[in-house]
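Trainee: So the chains spell out like this:
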Amino acid sequence: AQKVTQAQTEISVVEKEDVTLDCVYETRDTTYYLFWYKQPPSGELVFLIRRNSFDEQNEISGRYSWNFQKSTSSFNFTITASQVVDSAVYFCALSEGSSGTYKYIFGTGTRLKVLA
Amino acid sequence: KAGVTQTPRYLIKTRGQQVTLSCSPISGHRSVSWYQQTPGQGLQFLFEYFSETQRNKGNFPGRFSGRQFSNSRSEMNVSTLELGDSALYLCASSFGGGNQPQHFGDGTRLSIL
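Those protein sequence lines, which keep their order, are chains A and B.
Numbering follows the numbering used here, in which position 101 of the first sequence is assigned residue number 86; successive positions increment by one, without gaps.
Adding 163 to a residue's 1-based position in the second sequence gives its number in the numbering used here.
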């Protein structure tokens, strides 16, 4: 069965610190997709990144980077030099397959507080 | 490009009533999914509609139902409301494949008194 675990419920950091949000997943499929979403205080979830199970390359986008390791079933998200605007709840999600029978499973989210 | 629009933004109901929530997806998106978000449970998948057909369903009681129209707009209905149904209900649209990112609306906050 699918499962996404975000063990960190809440993290507080001081501005300019680096922070890593952990995501561990479980799936039986060989084809699956992993996502990260950001939910700022305003409430709307915003898509950040997608990774498919065949692409283990890490990705960097500005201050954001993602580390995908199939060996440990992890898809961690690092924010470098955090800013107050990064304060939000971050969700990791898993989707198996690309056919019509897929389901999105979200983790419970990690609330990040960046203090000025 | 307009985003996902959910109406109403807020609703207050009492136990036993029913409620209908509406979602207009991004133009061109044929898949609409519904989620219930509560502080303790995170985002729980309710169901997904694609081309007017329910394609996937989560583990919610039959009081929760939905439908999708030919223009891809979707409605979700909850009957015989219970206190535990108080939550933020989120709608998300996508082109439809499991590899597609979902685009979320602002949600409808439902409070049951």
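Mixed in with the good hints there might be a few duds.
Residues of chain B clear of chain A, computed beta-carbon distances all greater than 10 Å [unchecked claim]:
#1 A165
#2 G247
#3 G261
Calculated lysine-lysine pairs in the DSSO-like style (CA-CA distance at most 27 Å, straight line) [stated by the list, open to error]:
#4 K88(A) - K1(A)
#5 K(-12)(A) - K55(A)
#6 K220(B) - K176(B)
#7 K88(A) - K(-12)(A)
#8 K176(B) - K55(A)
#9 K23(A) - K(-12)(A)
#10 K88(A) - K23(A)
#11 K176(B) - K98(A)
#12 K(-12)(A) - K220(B)
Because the hints were derived from the structure by calculation, they are not lab data.
Glycine included, each C-beta is placed from N, C-alpha and C at the ideal position.
Trainee: So G261(B) supposedly isn't at the interface. Is its beta-carbon more than 10 Å from every beta-carbon in chain A?
Mentor: Check fails; 3 Å does not lie beyond 10 Å.
Trainee: So is G247(B) really clear of chain A, every C-beta pair being over 10 Å apart?
Mentor: holds, 18 Å
Trainee: Just to be careful, I want the Cα atoms of K23(A) and K(-12)(A) compared with a cutoff of 27 Å; is the pair within it?
Mentor: holds, 19 Å
Trainee: Can you confirm whether the C-alpha distance between K88(A) and K23(A) stays at or below 27 Å?
Mentor: Measuring from Cα to Cα gives roughly 19 Å; hence the hint holds.
Trainee: Run the distance test for K176(B) versus K98(A): straight-line Cα separation, threshold 27 Å.
Mentor: violated, 33 Å
Trainee: For the pair we were handed, K176(B) and K55(A), check the Cα-Cα distance against 27 Å.
Mentor: violated, 46 Å
Trainee: Hinted pair, alpha-carbon criterion (27 Å max): K88(A), K(-12)(A). Please report holds or violated.
Mentor: holds, 11 Å
Trainee: Tell me if the straight-line CA distance from K(-12)(A) to K220(B) falls inside 27 Å.
Mentor: holds, 16 Å
Trainee: Would the non-interface assignment of A165(B) survive a Cβ cutoff of 10 Å against chain A?
Mentor: holds, 13 Å
Trainee: Tell me if the straight-line CA distance from K88(A) to K1(A) falls inside 27 Å.
Mentor: At roughly 36 Å apart (the allowed maximum being 27 Å), K1(A) and K88(A) break the hint.
Trainee: Checking one constraint from the list: CA of K220(B) to CA of K176(B), max 27 Å. Satisfied?
Mentor: holds, 25 Å
Trainee: Sort out whether K55(A) lies within 27 Å of K(-12)(A), counting only the CA atoms.
Mentor: Satisfied, since the Cα-Cα distance of roughly 15 Å is no more than 27 Å.
In this structure, the earlier hints numbered 3, 4, 8 and 11 are contradicted, and the remaining ones agree with it.
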